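J.: So the chains spell out like this:
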Amino acid sequence: MKNLYLIAYLDLKESIRAKWFLVYSLVFGGLIALFFIAGVTESQVMGFSGLSRLLLMYIQITIVILPIFILITTVRSISGDRDSHILEYMLSFPISLKQYYWGKIIGRFITVYLPVIFAMIIAVIYGAFKGADIPWNIFFLYTGLLFAMSATFLGIAFFISSFVKSSEVALGIAFFIWIFLLAFIDIALISLMMQQRVDEGLIIFISLINPMEIFRVAAISLFDPELTVMGPVAFYILDSVSQSTFVLLSIGYPLLLGLLFAFFGYKIFEKKDLV
Amino acid sequence: MIKVNNITKKFGSHISLENINCEFNKNESIALMGANGAGKTTLIRSIMGYYHPDAGEVLINGKSPIKQRVEVLKHISFVPQLPPPIKLSIEELMQYISVSANVDKELIKHYANEMKLDINANLNKSFFKLSGGMKQKLLIAISLAKESDIIIYDEPTANLDPKARDDFYRLLKQNEKEKVLLFVTHRLEEVKDLVNRQIYMDLGKIVSDERF
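So the sequences go chain by chain: A and B.
The numbers in the numbering used here rise by one with no breaks, and the one at position 40 of the first sequence is 30.
In the numbering used here, each number is its position in the second sequence, counted from 1, plus 1097.
For reference, chain A alone in the conformation it holds in the complex:
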């Protein structure tokens, strides 16, 4: 276990020093600051107000940008080390592949999760200081969603990293996956529905296996299901599944997906040539 923690600790330290981490933290911290400066907490639009509105806006933007941030910064984790012969040297010491791989995942998970959750905590503290009501149910739901989202895309990134030999190819695949999942939230889904070729249950199923769609719907699941901003899929889901079941699904399924991808990535890492 000491080697697992060692790898995680050193990866965390290395990541925190990296320039991407600074940009990453500034983006999410900056978003919150921007919302406060823009007076989002004082406005009332379509039933959302105060900190609830701010947190909702934050998570909706985060759902789009967090996956690509995680994918592009993590996908090179192993493939980049392989490319630059770092892996060759670091693995010449008696560390098991299991400890190296999972240690890297743990370190990277802390790196990507902390800034997004920290920005939200700052928002709550600042909101409380300004006398706003704190929507604890939304805060805890979003904490869970961000955790699950970080795990999903970290798992996918490590999966890609384990079999791709060049970090440029890894970046290309990561970008494609992000665009693909983003497109299936709306573009592909709506066009499928408009063509009426496919059963609506299947369309809903396709949308539900997409973790980004799950996060999007879960982010608004605590609000009134009659709201038109939700879109047809969200309305259908929240109308047919109880709120608490869907919340559990929206955290449990992406978490499982991330772990599965990470596990398959490990199996590939273990079976393939290391350098």
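Hint data in this document are derived by calculation from the structure and do not stem from the laboratory.
Just so you know, these numbers come straight off a predicted model, no measurement behind them.
Incorrect hints may have been included.
[Claimed, not checked] Only pairs whose alpha carbons sit at most 30 angstroms apart, straight line, appear in this in silico DSBU-like list of lysine-lysine:
1. A/K262 with B/K1164
2. A/K257 with B/K1184
3. B/K1213 with B/K1226
Fit chain B to the known structure of chain A by using the hints.
T.: Just chain B, lined up with the frame of chain A:
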């Protein structure tokens, strides 16, 4: 100590190692030579357990470097041809080595001093920001401090000035007893005083193996 049994390694249609058989025993210092693409690095990487061979096996003290990598790598020190751009600071790199391989940090500093490298002045510096020669000296110091039975050097003196090369060979002379020293080199004259066996490879095969 090291047994390479009928090993074949292919990359696509290219055969990098073809049915290689060899054995390296205690108190042997071997110069592994050959033109670029002869299969030297592939052989080293197969010994280290980085490559899964298409046929045959490597055994180190009777153990597989793939299946029992932790046990096997406790006995191997390795210095690559080009120091990798590790972003950890020297302090962190020494911590990694000290915890994972149970290497005494003071011993690393001792050998670094012997190589005329002042580690204490550079502890917080990233490894990749050191000069090529300083990196190589540190990797050599680590390899010696690990006190392994098997030491593998892939062109270890490529970045070293003549004085540092002398220090390196002097330290090796002091530490070669009861060990296997395996050098990948293009310059036999530099290691001829150290080695007692010379293997020449070409096109993935061992074409000559001389002991002297």
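J.: Confirm or reject each hint.
T.: Do the hints match the structure? See the list:
no., hint, verdict
1, A/K262 with B/K1164, "holds (13 angstroms)"
2, A/K257 with B/K1184, "holds (27 angstroms)"
3, B/K1213 with B/K1226, "holds (18 angstroms)"
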